[in-house]
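Starting from the known structure of chain H, arrange chain A on it as the hints suggest.
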Amino acid sequence: MSGSSAIAVPARSLFSSEAALLVLVAVYIIVLGLWPLGRLFVESLSGGASGEVLGLLFGQWRSAAMHRALLNTLESSLLATLVSVVIGTATALALTLTDVRGKAALTFVALLPLLVPSQITALAWIELTGAGSPILAPLGLAPAPGATNPLYSVWGIVLVMGIESSTLVFLAVRAGLRNVPRDLVEAARLGGAHPLRVTSAVIMPLAMPSILAGAALAFVTSIGNFGIPAMLGIPGRYTVLTTLIYQRLQGFGPRVLGEVAALALILTVLAVAGLILRALIVRRGGFAAEPGAPLDPFRLGRSRVVVELLLWIALAGIAILPLLALLASSLAPALGVPLRIDTATLANYRFALFEQESTLRAFANSFVLALAAAAVSATIAVPLAYLTVLRKNPGARVLDLLADAPYAVPGTVLAIAVIIVFLPPIPFTGVSLYGTLGIILVAYLARFLALALRPAVAGMEQVPKNLDEAAQVAGAGVIRRLRAVILPAVAPSAAAGALLIFMTAFNELTVSVLLWSTGHETLGVAVFFLHYEGNSPAAAAVAVISIAVTLALAILTSLMARNLPQGVVPWRA
Amino acid sequence: MAGVSFEAVSKSFGETRAVEGVSLEIADGEFFALLGPSGCGKTTLLRLVAGFETPDEGNVKLGDAVVGRPGWALPPEKRKIGMVFQSYALWPNMTVAENVGFALRVRRLAEAERVRIVNESLVKVGLEGMADRRPHELSGGQRQRVALARCLAMRPGVVLLDEPLANLDVHLREAMQEEFARFHKEIRATVVYVTHDQAEALALADRVAVMDAGKVEQMASPRMLYAEPASEMVARFVGRGLVVPALVIGRNAERVVVDIFGTRLPVRGAGASGERRALCLRAENLAITPDGNGIRGRVTGLAFHGAATLVTVQPDAADAPELKVEHAGPPPEQGSAVTVEVRDGWIIPQRETQA
Numbered sequence: 000m001s002g003s004s005a006i007a008v009p010a011r012s013l014f015s016s017e018a019a020l021l022v023l024v025a026v027y028i029i030v031l032g033l034w035p036l037g038r039l040f041v042e043s044l045s046g047g048a049s050g051e052v053l054g055l056l057f058g059q060w061r062s063a064a065m066h067r068a069l070l071n072t073l074e075s076s077l078l079a080t081l082v083s084v085v086i087g088t089a090t091a092l093a094l095t096l097t098d099v100r101g102k103a104a105l106t107f108v109a110l111l112p113l114l115v116p117s118q119i120t121a122l123a124w125i126e127l128t129g130a131g132s133p134i135l136a137p138l139g140l141a142p143a144p145g146a147t148n149p150l151y152s153v154w155g156i157v158l159v160m161g162i163e164s165s166t167l168v169f170l171a172v173r174a175g176l177r178n179v180p181r182d183l184v185e186a187a188r189l190g191g192a193h194p195l196r197v198t199s200a201v202i203m204p205l206a207m208p209s210i211l212a213g214a215a216l217a218f219v220t221s222i223g224n225f226g227i228p229a230m231l232g233i234p235g236r237y238t239v240l241t242t243l244i245y246q247r248l249q250g251f252g253p254r255v256l257g258e259v260a261a262l263a264l265i266l267t268v269l270a271v272a273g274l275i276l277r278a279l280i281v282r283r284g285g286f287a288a289e290p291g292a293p294l295d296p297f298r299l300g301r302s303r304v305v306v307e308l309l310l311w312i313a314l315a316g317i318a319i320l321p322l323l324a325l326l327a328s329s330l331a332p333a334l335g336v337p338l339r340i341d342t343a344t345l346a347n348y349r350f351a352l353f354e355q356e357s358t359l360r361a362f363a364n365s366f367v368l369a370l371a372a373a374a375v376s377a378t379i380a381v382p383l384a385y386l387t388v389l390r391k392n393p394g395a396r397v398l399d400l401l402a403d404a405p406y407a408v409p410g411t412v413l414a415i416a417v418i419i420v421f422l423p424p425i426p427f428t429g430v431s432l433y434g435t436l437g438i439i440l441v442a443y444l445a446r447f448l449a450l451a452l453r454p455a456v457a458g459m460e461q462v463p464k465n466l467d468e469a470a471q472v473a474g475a476g477v478i479r480r481l482r483a484v485i486l487p488a489v490a491p492s493a494a495a496g497a498l499l500i501f502m503t504a505f506n507e508l509t510v511s512v513l514l515w516s517t518g519h520e521t522l523g524v525a526v527f528f529l530h531y532e533g534n535s536p537a538a539a540a541v542a543v544i545s546i547a548v549t550l551a552l553a554i555l556t557s558l559m560a561r562n563l564p565q566g567v568v569p570w571r572a
Numbered sequence: 000m001a002g003v004s005f006e007a008v009s010k011s012f013g014e015t016r017a018v019e020g021v022s023l024e025i026a027d028g029e030f031f032a033l034l035g036p037s038g039c040g041k042t043t044l045l046r047l048v049a050g051f052e053t054p055d056e057g058n059v060k061l062g063d064a065v066v067g068r069p070g071w072a073l074p075p076e077k078r079k080i081g082m083v084f085q086s087y088a089l090w091p092n093m094t095v096a097e098n099v100g101f102a103l104r105v106r107r108l109a110e111a112e113r114v115r116i117v118n119e120s121l122v123k124v125g126l127e128g129m130a131d132r133r134p135h136e137l138s139g140g141q142r143q144r145v146a147l148a149r150c151l152a153m154r155p156g157v158v159l160l161d162e163p164l165a166n167l168d169v170h171l172r173e174a175m176q177e178e179f180a181r182f183h184k185e186i187r188a189t190v191v192y193v194t195h196d197q198a199e200a201l202a203l204a205d206r207v208a209v210m211d212a213g214k215v216e217q218m219a220s221p222r223m224l225y226a227e228p229a230s231e232m233v234a235r236f237v238g239r240g241l242v243v244p245a246l247v248i249g250r251n252a253e254r255v256v257v258d259i260f261g262t263r264l265p266v267r268g269a270g271a272s273g274e275r276r277a278l279c280l281r282a283e284n285l286a287i288t289p290d291g292n293g294i295r296g297r298v299t300g301l302a303f304h305g306a307a308t309l310v311t312v313q314p315d316a317a318d319a320p321e322l323k324v325e326h327a328g329p330p331p332e333q334g335s336a337v338t339v340e341v342r343d344g345w346i347i348p349q350r351e352t353q354a
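So the protein sequences, as listed, match chains H and A. Sequential numbering from 0 applies to the first sequence in numbering that gives the first Met the number 0. Sequential numbering from 0 applies to the second sequence in numbering that gives the first Met the number 0.
Excised from the complex, chain A in its bound form:
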């Protein structure tokens, strides 16, 4: 087994800088997610680990061994890495068992041993009895499981998952997420999971690196990422946070007091009096109160979400963006005047707002 590390790695395709000066340390046995919008460079990072790409600058290491440096990369077939592709990449000319056992055949494992491992892997993903099927006879979820079993059978130290749930129906995704979590617990391999779906990353990973435009915006545990986003991009991308301009007024015990749209509120974070800062607000930390302290505004939209209603409130203050409030119980009327109470907020560090 081995960890994965990037040391100031850059990679361009023509004019496009896909990855720019990325340094990452992924610990042995960690479940690590690379999260970001499409084109952010997360897949290129994954392909650098697999050996499909050669870095332009910097080193890629598996454990202590440098496997990629400018101008050279250890070929993928020599890395002993497992990978599950977005489109599963099952070989259509082989049966399920042949797909799963291919790597073992390449390694010249004795037949009895091979059959044992293949069967074991198929049982683990719940596909016993499917060994002789062909990929085209399987459903999307079953193909995904074959791809996983194929990866399991290799007993890899490092497993790469490239948007493995992107092609699945919504109801299958949750089941497969559990499968991945169980699979990670069982084999204790280092897992690198690429996704654009923040919910997947937060649910599965020990740590998440949020990427944007080829750079790592923030690397932290899911909880930290959610509670203390390091940039506006992270605040918006993870948990769909709302970023509003705020003026720091002073301190109150452990909290910083800010002014948003003419209302004074205590929030988390750091800031000196007089600074204009970006504040991250989340729908679940806002509440509609009949009276009390808060931002005054008018209800401009209501969307029923089952357990709660998402209420859109337009603050009375000029130029203020709409606030989305998660509200349980009977919803306020469209157009009525309400007060929005802010229960929690986070001052995004080191970024000026465009006042």
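Chain H on its own, in the form it takes in the complex:
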């Protein structure tokens, strides 16, 4: 027996390794996300050149451009939210409550806009509705050559942004419908109510909180959207807050940082108001229900074929048709030349991938950025989720909440915050991150940690606490336990989170459009400027490639999701 006769009690150390880990994560979250956001707010509330109290804010508040942008933001976001509620709710009702066939395929199509980044969605719609539309022109439905694209207007923004955020409403309503207690519906039917009556009298009132919560989320997303108002609104002279900030910074450079910070504050207030509204709806509207027994779908009988047909036409029109137009444009020989089998060409792909150096560089940059953001975020998310869920560390719980802040604010706001802090040289090094890939990476790390954290927490909740305790009893310290016991258990969830980040970061535009510099372009920026410079076929080619990459990764994630706990993959049933 080797057991020692007494247990040696080491001196109390000030920091346990667990506390050290917590401090490390805290420094990461504070330096990358919270400190910049805090600085942004201080900056935006400062006096500015006039020295007046809150001078910058009042200066912006009095400006006519800001007024118009604010009203436009509210107008387009509210209308887009309306569109998204109609589309999202109708789709969710049809796919959850009825016995239509091919639900998996229909759901995939309904969620497709979630996977396509804003600027590419906008580009696809521009190609679909333009004078040279490869789909509408042969049918004689395209606008006359030379006419302005009808989407370059508030209605275009409302339509495209509404379609894009309809996926958020769809997901919220579907989750809400799944929580409707089955016996309430059955009781109503036994009482003699027709399925339509049951839907309007029982199901809709119960699903209303979910619809409203989804709508609030769609509103917040629309407010922060940059890609769609930039692609459709700038040519249409319809400016919203995100595009106003972009144009100011683009035109005047960092010396207008104070003014755009004030604009960013207004944007933040709108977004936070939407999020608070959503939190209130979620808290008040929650009815206790046993998940589990799903609703029995209503049988549509003979009208089923009609409903199926309508669904396919609507969803294909919304989600697939624009992408087909995009694909066709990418194969078109030149602007305005009609696309036929014999004129189709891969020249645009060759140009984008081999001839234009900046596009090729953008692919490489976005790949590196997305990979780094995914890997580092997952690496930070796992210990934070561990401290929060398994160790119930109060400090970690606070950090877990705070980590959402850089993701909750619009990307434009975070980008400005990061410029404010990382434009001056980093203390003691004399090196500035501004004008390097580094500043984009910093912003991505701050913004996307939340995306890795949710899957990591969901995965961690499935790990029995005593696996950790057993390793503790065996003498393993916190790092050892993370490596040997915790990581193997949550690796699939963490990997799913990393894939989500990669997919999002690979196509990111809103943040990088404010942070890029020559030589440090991202893929989103490349598509944006190729289109801006009038080379739409090349922009389409780059967009098609990046969608292909995203779709492949999404399918990979979905395949992985079969073995993952609930809540890891957002679009999963």
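Do not rely on the hints blindly, as some may be mistaken.
Once the Cα atoms are required to be at most 25 Å apart in a straight line, the calculated DSS-like pairs of lysine-lysine come out as [to be verified]: (1) A:Lys323 to A:Lys184; (2) A:Lys77 to H:Lys464; (3) A:Lys60 to A:Lys214; (4) A:Lys77 to H:Lys391; (5) H:Lys464 to H:Lys391; (6) A:Lys123 to A:Lys60.
Taking beta-carbon pairs under 10 Å as the criterion, some of the chain A residues facing chain H (in silico) [to be verified]: (7) Pro75; (8) Lys77; (9) Trp90; (10) Pro91; (11) Ala102; (12) Lys123.
These are computed hints drawn from the structure, not numbers from a lab. All C-beta atoms in this analysis are idealised placements derived from N, C-alpha and C, irrespective of residue type, glycine included.
Coordinates of chain A only, in the frame set by chain H:
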């Protein structure tokens, strides 16, 4: 090796007082059971020994070293304690051998030595040849043995067992009980065994602490606990004793004479004439006699138990509770009048009955 002691330890979770002023001394090498109903605080005591909880008041000691005091606890990973969890807590990503050898790897034992100890431990629990299996490929009993081997391989001075048999089939429990007894004899470690099953505690432990509502009701050897329960709770919980009200009448040699339901009987214990006391009766100390001295009543229920029949008798006296009698041989008829002879009884000390 080391004993374990609690010095006036209290621990609350929010409003709940899980452990209240518990003092215990567990001797080096002792097999000690913590017995009680769920929520009595026994698991919290165990977790205080392991270092998963920090006491609010009082000290926890391993040997002479204080390992837990208000606001501070030596982390579990520094205590060199072995523990078998109720759900076994086998790491699913590791093979059986890796599970068993993990603590040795943490301690940086040379590989050859590690392999030797792992194999030795697996042989001891009868799992040779299973080294490369994964936990999910094993049956419940085999998982239990892996958890035990993992504990053995650490060569701990103190072993904590948290309801280790609760998740096993009934037929496996007895075999595992023997395994634990053998395991204790072999390594002579101090064992703290938490259970809600009194049969397990009585069969295995040198001493048992019966707990209720965060406090120790009685701490004694299994025999003492059974023969002389210190409270009504212990009398009922251990051996399913029946507690009936009794009036002390006087003494007869070494025994106290009491009156229950109008019948005078000599029982064990202490009591002064005229006192109303609680009396512990056990089914195996009651007998049905055709005549003779005893409590008269009627048979209201019969349950065949194989070797004996459990006969339920409703005494004739008003307000008397039903008596359960273990009866060998041909059972009396349902509804027939019988006399129940009381061969032994124990006056529960210092408690008044609710007359």
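Status of each hint after checking the structure:
Of the pairs offered as hints, the one joining lysine 323 (chain A) and lysine 184 (chain A) is violated, with about 37 Å between alpha carbons and a cut-off of 25 Å exceeded. For the suggested pair lysine 77 (chain A) and lysine 464 (chain H), the alpha carbons sit about 19 Å apart, so the restraint of at most 25 Å is met. Between lysine 60 (chain A) and lysine 214 (chain A) the CA atoms are separated by roughly 18 Å; this keeps the pair inside 25 Å, and the hint holds. With a CA separation close to 20 Å, the supplied pair lysine 77 (chain A) and lysine 391 (chain H) stays within the 25 Å bound.
For the hint linking lysine 464 (chain H) to lysine 391 (chain H), the alpha-carbon distance of about 10 Å falls within 25 Å, and the restraint holds. A distance of roughly 30 Å separates the Cα atoms of lysine 123 (chain A) and lysine 60 (chain A); the hinted pair therefore is violated under the 25 Å criterion. Because the beta carbon of proline 75 (chain A) sits about 4 Å from the nearest beta carbon in chain H, less than 10 Å, this interface hint is met. For lysine 77 (chain A), the interface hint holds, the least distance from its beta-carbon to any beta-carbon of chain H being 7 Å, beneath 10 Å.
With its C-beta approaching chain H no nearer than about 5 Å, tryptophan 90 (chain A) sits inside the 10 Å limit, and its interface hint holds. Here the hint on proline 91 (chain A) is kept, as its CB sits about 7 Å from the closest CB of chain H, short of 10 Å. Restraint check, alanine 102 (chain A) versus chain H: the minimum CB separation of about 4 Å is within 10 Å; hint holds. Hint status for lysine 123 (chain A): violated, given a least beta-carbon distance of 14 Å to chain H, over 10 Å.
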